[in-house]
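Chain A is fixed; fit chain B onto it per the hints.
Residue numbers (the numbering used here), protein chains in the order written: chain A, 241 to 454; chain B, 241 to 454.
Watch out, some of these pointers could steer you wrong.
The list cannot tell twin chains apart, which means a pair is met if one copy fits it or any two copies do.
[Claimed, not checked] In silico EDC-like links for lysine to aspartate or glutamate, alpha-carbon gap of 20 Å or less:
#1 K324 to D393
#2 K267 to E333
#3 K280 to D392
#4 K267 to E370
#5 K360 to D277
#6 K267 to D452
#7 K267 to E319
#8 K360 to E370
#9 K360 to D331
#10 K360 to D377
#11 K360 to E319
#12 K280 to D304
#13 K267 to E369
#14 K360 to E290
#15 K324 to E400
Hints are computed from structural coordinates only; laboratory data are not their basis.
Model, not experiment: these values are computed from the prediction.
2 protein chains.
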Amino acid sequence: MTGLTMQLYSHWRSTTSYRVRIAFNLKGIAFDTVPIDLGKGEQRVPTYLEVNPGAGVPALRLGDGTILTQSMAILEWAEEVAPKPAILPQDPERRALVRAAAFGIATDVHPVNNLRVIGKLNRMGHSQEEGLAWMHDWMAIGFHAFARLIRDDTPFCFGESPSLADICLIPQLYNAHRWGVDLTAFARLTDIEARCLDLPAFADAHPENQADAA
Amino acid sequence: MTGLTMQLYSHWRSTTSYRVRIAFNLKGIAFDTVPIDLGKGEQRVPTYLEVNPGAGVPALRLGDGTILTQSMAILEWAEEVAPKPAILPQDPERRALVRAAAFGIATDVHPVNNLRVIGKLNRMGHSQEEGLAWMHDWMAIGFHAFARLIRDDTPFCFGESPSLADICLIPQLYNAHRWGVDLTAFARLTDIEARCLDLPAFADAHPENQADAA
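With the rest of the complex left out, here is chain A (with noise of 0.2 Å):
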């Protein structure tokens, strides 16, 4: 880590962003916030293009002017520069494990949900109502795996403290709730949610608490 505060280049509501703001808080990992106004799309400007060519937040740049960008990817290196409270088991087994529940998350949800699809299937022809009920049948899907892939008898997800796992349900967890999702069936999830709320990293990195919140 260099002595220069890092740009982390966010959308207040982004859930990507969210969970790197959590995790960065967690570890005590200090940044400047560079909002990105995605309803402007200034995720497709040359010059936002120039710091991540995938057209999306968050990004960061590093003190010696190096950017790293996918949320994933930035919450590993977090884990191996500030390795202080760790959001990885040490176990290779159980690291994947919670990886694997993280991963349901950053893969099998997120992805199909994000606002370039709903942007596209209006284009396509199809309604705001259509587009919520993408929304919401991939998100009980997940859920529903994901809850089947953590512990049932811990206080967060896998164990006493939260870990990758967790920053990356909360942030889907208020998308879920942004858009309307049922969520009677998963007082596990909801419940580990309130625990992580009441933590400050957590409640620091919510979308609400940022600055450029609308």
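For chain B alone, kept in the frame of chain A given last:
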């Protein structure tokens, strides 16, 4: 690693199964294949949902009975239990750059194009051609971003040997060929592909070389 051979639940054409086969071949990790026929819906039968509640392949049953899911989690696990040859650099920043390219495929391309999403589009009234256009669009966007995230002066994506990025790229290119994506704009990627497919680890993992190939 236990002495018992592990079982990889996989499908010959599944690009995520293909990723794991490549990595295991590179690292000399022995495994038996348990074919799951996605075309027949075997991923959704109750006995398989006990293996993987996410209803997908691959899943890996370890010698002690533990089941690991999600290809990206299995690949990280493989790197941890069988570190040679490495598929990630040692330096955290460089690891993050390789992972970012890999996740560009694993989160931004594959999930929006997989069987269950295309099936849903069909059920929403879209034709085969519209499903195909959908896949082509996401692959072109993803390959453009990927090409800008890798190095342009190395035999493989990031160096002298295949990394996690190559392991994600080659199966996605297989999928691109399968669906007729125009790859003329991506000479760097198809050059890397040719170099990879010359290696036995990749060739042996190729879908057409699997026992369950139809």
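Hint check results:
no. : hint         : result
1   : K324 to D393 : neither (24 Å within a copy, 36 Å between copies)
2   : K267 to E333 : between (23 Å within a copy, 17 Å between copies)
3   : K280 to D392 : neither (41 Å within a copy, 32 Å between copies)
4   : K267 to E370 : neither (40 Å within a copy, 45 Å between copies)
5   : K360 to D277 : within (19 Å within a copy, 30 Å between copies)
6   : K267 to D452 : neither (23 Å within a copy, 46 Å between copies)
7   : K267 to E319 : within (8 Å within a copy, 24 Å between copies)
8   : K360 to E370 : both (12 Å within a copy, 12 Å between copies)
9   : K360 to D331 : neither (41 Å within a copy, 38 Å between copies)
10  : K360 to D377 : both (17 Å within a copy, 10 Å between copies)
11  : K360 to E319 : neither (35 Å within a copy, 37 Å between copies)
12  : K280 to D304 : neither (29 Å within a copy, 51 Å between copies)
13  : K267 to E369 : neither (40 Å within a copy, 48 Å between copies)
14  : K360 to E290 : neither (24 Å within a copy, 35 Å between copies)
15  : K324 to E400 : within (14 Å within a copy, 33 Å between copies)
The earlier numbered hints that this structure contradicts are 1, 3, 4, 6, 9, 11, 12, 13 and 14.
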